[in-house]
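**Student:** Starting from the known structure of chain A, arrange chain B on it as the hints suggest.
Chains as they are written, first to last, in my numbering: chain A, 1 to 614; chain B, 1 to 225.
Each hint can be trusted.
Taking lysine-lysine and the DSBU-like style, the derived pairs with C-alpha atoms no more than 30 Å apart in a straight line are:
no.	chain 1	residue 1	chain 2	residue 2
1	A	Lys472	B	Lys168
2	A	Lys420	B	Lys69
3	A	Lys416	B	Lys201
4	A	Lys418	B	Lys69
5	A	Lys91	A	Lys240
6	A	Lys529	A	Lys497
7	A	Lys497	A	Lys472
8	B	Lys168	A	Lys420
9	B	Lys201	A	Lys420
10	A	Lys416	B	Lys168
11	A	Lys363	A	Lys322
12	A	Lys418	B	Lys201
13	A	Lys415	B	Lys168
14	A	Lys600	A	Lys529
15	A	Lys531	A	Lys571
16	B	Lys60	A	Lys420
Since the hints were derived computationally from the structure, they do not count as laboratory data. Just so you know, these numbers come straight off a predicted model, no measurement behind them.
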Amino acid sequence: MKFKSLFLIALLLNISILFSQSSEYLIPKDAVTVFSINNISLLQKVSVDELITYDFMEEVHQELFDGSTTGKTLKDLGLDFNQKLNVFYGKGLKNEISGFSFGVKSKEQLFNVFDDFEILHKDFHGAQVYGSFFNNLIIRNESALLIRVEPTMEFIDQVTDSIWYSRGNESPFDYVQQEDLTDDGEIMDEQIYDENNEQLAFPEASDDPNVKNYYELRDSVQQAIQLEQLDVILHELIEKKENLTTSDLRFGEQIQHDSEGIFYMDNSRNLEKANGLWYFQTILPTLYQDIQELYTGNVILGDMFLRDNSVEFVLDARYGEKLGSIYEQMNDSRFDKNVLKYIPESSTGYFTYNINLRKAYEKAYDVVMPILMDEKNAQIAMNVLTIELLNEYINKDALFGTYKGSMFGYFNGIKKIKTKKIEFFYNEETFEYGEREAEAEEEMPIFTLGISIDRDDIPEKIMKHLGRLTSKIKNMGDYWRMDNAILDAAPIYLINKNGLLILTNDEDLAVNHSNGYGKEKLAKINVKKAKKSGFMYGAVDISETLNRFPTDILNPRQNEMIQSLKGKSGKLELTSSETTKSHTSFNITYAYEGKESSAKHLLDLINTIYVVSK
Amino acid sequence: MPKLIFILFLTLFSVSSCIEIVDDLSLKSDGSGTFKYSINLSSSKIKVNSILALDSIDGKRVPSIEEIKQKIQQFVKTLDSQNGLSNVKVEENYTDFIFKFQCDFTSVLTLQEGLKQSIVILSKEKSLTQLEHNWLTWDGNKLVRSIPEITGKKINELNDSDIELLRKGTYTSITRFDKAVEKCENQAAQLSKSKMAVMVKTDTYRLKENQDILENTIYLTTSKN
Numbered sequence: 001m002k003f004k005s006l007f008l009i010a011l012l013l014n015i016s017i018l019f020s021q022s023s024e025y026l027i028p029k030d031a032v033t034v035f036s037i038n039n040i041s042l043l044q045k046v047s048v049d050e051l052i053t054y055d056f057m058e059e060v061h062q063e064l065f066d067g068s069t070t071g072k073t074l075k076d077l078g079l080d081f082n083q084k085l086n087v088f089y090g091k092g093l094k095n096e097i098s099g100f101s102f103g104v105k106s107k108e109q110l111f112n113v114f115d116d117f118e119i120l121h122k123d124f125h126g127a128q129v130y131g132s133f134f135n136n137l138i139i140r141n142e143s144a145l146l147i148r149v150e151p152t153m154e155f156i157d158q159v160t161d162s163i164w165y166s167r168g169n170e171s172p173f174d175y176v177q178q179e180d181l182t183d184d185g186e187i188m189d190e191q192i193y194d195e196n197n198e199q200l201a202f203p204e205a206s207d208d209p210n211v212k213n214y215y216e217l218r219d220s221v222q223q224a225i226q227l228e229q230l231d232v233i234l235h236e237l238i239e240k241k242e243n244l245t246t247s248d249l250r251f252g253e254q255i256q257h258d259s260e261g262i263f264y265m266d267n268s269r270n271l272e273k274a275n276g277l278w279y280f281q282t283i284l285p286t287l288y289q290d291i292q293e294l295y296t297g298n299v300i301l302g303d304m305f306l307r308d309n310s311v312e313f314v315l316d317a318r319y320g321e322k323l324g325s326i327y328e329q330m331n332d333s334r335f336d337k338n339v340l341k342y343i344p345e346s347s348t349g350y351f352t353y354n355i356n357l358r359k360a361y362e363k364a365y366d367v368v369m370p371i372l373m374d375e376k377n378a379q380i381a382m383n384v385l386t387i388e389l390l391n392e393y394i395n396k397d398a399l400f401g402t403y404k405g406s407m408f409g410y411f412n413g414i415k416k417i418k419t420k421k422i423e424f425f426y427n428e429e430t431f432e433y434g435e436r437e438a439e440a441e442e443e444m445p446i447f448t449l450g451i452s453i454d455r456d457d458i459p460e461k462i463m464k465h466l467g468r469l470t471s472k473i474k475n476m477g478d479y480w481r482m483d484n485a486i487l488d489a490a491p492i493y494l495i496n497k498n499g500l501l502i503l504t505n506d507e508d509l510a511v512n513h514s515n516g517y518g519k520e521k522l523a524k525i526n527v528k529k530a531k532k533s534g535f536m537y538g539a540v541d542i543s544e545t546l547n548r549f550p551t552d553i554l555n556p557r558q559n560e561m562i563q564s565l566k567g568k569s570g571k572l573e574l575t576s577s578e579t580t581k582s583h584t585s586f587n588i589t590y591a592y593e594g595k596e597s598s599a600k601h602l603l604d605l606i607n608t609i610y611v612v613s614k
Numbered sequence: 001m002p003k004l005i006f007i008l009f010l011t012l013f014s015v016s017s018c019i020e021i022v023d024d025l026s027l028k029s030d031g032s033g034t035f036k037y038s039i040n041l042s043s044s045k046i047k048v049n050s051i052l053a054l055d056s057i058d059g060k061r062v063p064s065i066e067e068i069k070q071k072i073q074q075f076v077k078t079l080d081s082q083n084g085l086s087n088v089k090v091e092e093n094y095t096d097f098i099f100k101f102q103c104d105f106t107s108v109l110t111l112q113e114g115l116k117q118s119i120v121i122l123s124k125e126k127s128l129t130q131l132e133h134n135w136l137t138w139d140g141n142k143l144v145r146s147i148p149e150i151t152g153k154k155i156n157e158l159n160d161s162d163i164e165l166l167r168k169g170t171y172t173s174i175t176r177f178d179k180a181v182e183k184c185e186n187q188a189a190q191l192s193k194s195k196m197a198v199m200v201k202t203d204t205y206r207l208k209e210n211q212d213i214l215e216n217t218i219y220l221t222t223s224k225n
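Same shape as in the complex, but just chain A:
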């Protein structure tokens, strides 16, 4: 079952104040990401009958129901909506697990839908275990767990190769002919691809039917590992009663919250299982251990609240002391007031990001260098030397004076911008035609990005020298213009004034507002909010953004959905708290005007995003 669909199931089944302590005790402790939902409250606001009419439900139903259960919907699943629905995912070195745990009201209804599951254990320490291909269903009392355990390809290959070569076999891949690898650069169309695929045969059976070829062996290994891993999970979860709720106290505490939805992601375990770090794990184990230590306690916990006319997400990013000390220094930065006069009130979406890169660098240097210095490895030693020398020789005042770390940006809708086009002109005598360059106008989304800067002389030097190399870069006095910089057609403007370096495709900003928007700048109330927020602030007026959305690239159905959302959408706001050594909090609020419940409003939005992105 695809995780995407599981996530959709979770989203749609939303929300309740009540919950019973059952389904959450069936979340495996290897789950790294969990989205948990209280169901009751949603169903008070949006009935299952209404829920199943949403477009995204088609995909959920396709995932849940096969041909024999055509026409069934979520409400035929026999779910107990008094229990939470917990969707989880986790990736380990040996396997990937995904699934969801939920309450069961009617086993009969459940098995009408899951009709291809066969019983594996009638009584496994008080639970019943069922299986269907890679999916397993575990029912304990009134709760159930639908889980898929998939061994990782790397682990399957490792075990298969080990067995294959220990049996004295040679490489199974030697038969590949050189001509198969040549590519004549031809584009293969679908028809040719299908025709070619018809000729592709499964790997041939070995001469001796009792001896498995490589691929047969691989399939057997995959199945054996899958069963073994499932067994391990079952023993932990059912026999030893070890689950995420009891093994990770942070999650255990979070799941007690009265919020309508709960989010959990353990970044430290994500790092542990990251495939890209295998080099560190095997070649530099002590360094890896030190990095792992740095990431200890790195977890994101969140709540989702459905309030009157708003949906609120409260996220808490927690980390260990060492990493926290870097974050704390990084976010110890004064808000640059200058940026606010460059954001117009007419902007439909903007953000400010305020960090102190120099302090972060210095703290990171203090924290990370001792770790690297302890490593007795020639390559690391050389890297340490290089970093130390760079640290001595590089002019950090110039570097961090050019990019201090703070930035801002905004979207200002679609505007017509000036471009050049080639037009044909005709000789009246003969109608022979030639080409000439002419002015043209095209619509383009208008974006502005800026950074705080102390050393404005440095970008000025760069632009001056680049301007000598190409006529496309011109000094226009208050700003620089780079012709054909976007999509080889539209100009980009660089404003280097008032302690800011601003890059924009908005000619109006460059030509008329290079010292800021004056009276047209962001309203005081919004300025106050941005200043008050921690290192980050963002606001999007979804309704206005939709009004300025380039609808000509959408099909009629997508257009219809966008039209339906106009006038009933709200505002999205992101704020952050001050960063301490242990955590940073984020708050995302989506507020709207309208009579419908926040649950229905949220589902309408999810459905629109689903339809538009389909």
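**Tutor:** Below, chain B alone, put in the same frame as chain A:
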């Protein structure tokens, strides 16, 4: 209709209606001549570039520039091998998105057959109904011409919401002769000062509304100028 135009119509043109097309036919008295077809998308450069940056649009895959180039070369090769056609050339300008196709032909019939055959070969279809009709007829003194049916069909598929862009798009049909033109039936047609060329110009909006707007019957004088 050349494959080049096929590709451009199916991908770029369908999403970028601010387009300039010139369809230029030079006809000698013996029926041979040169056919030129130019597509100019330079006024929609941003739109075309941003579409080319996508994997797909409206559920249809967007080809890469390399793929377009390859298909164009394939088309030129196929067309060049057709009886009665020679000097097949395509100029491709991927900075301003201007594409110019031209070929010499021994008769308008070989031109039309050659183009049809090439499209059928490259499209891997046995026949294409849009190609059944002939848009050029020449009897030595009278030329009856319209636009290829497939061009009209593609223009008809353009979105009505893009009326402003459709009005900006142009389709110019030019016919040149080695003799003076006596008269032509299309009221909108212009005669060059030399009287040896006829031009009919319209915008893509009017062409969408009336597919016959470019239809013309041109009569030549009997004596050579």
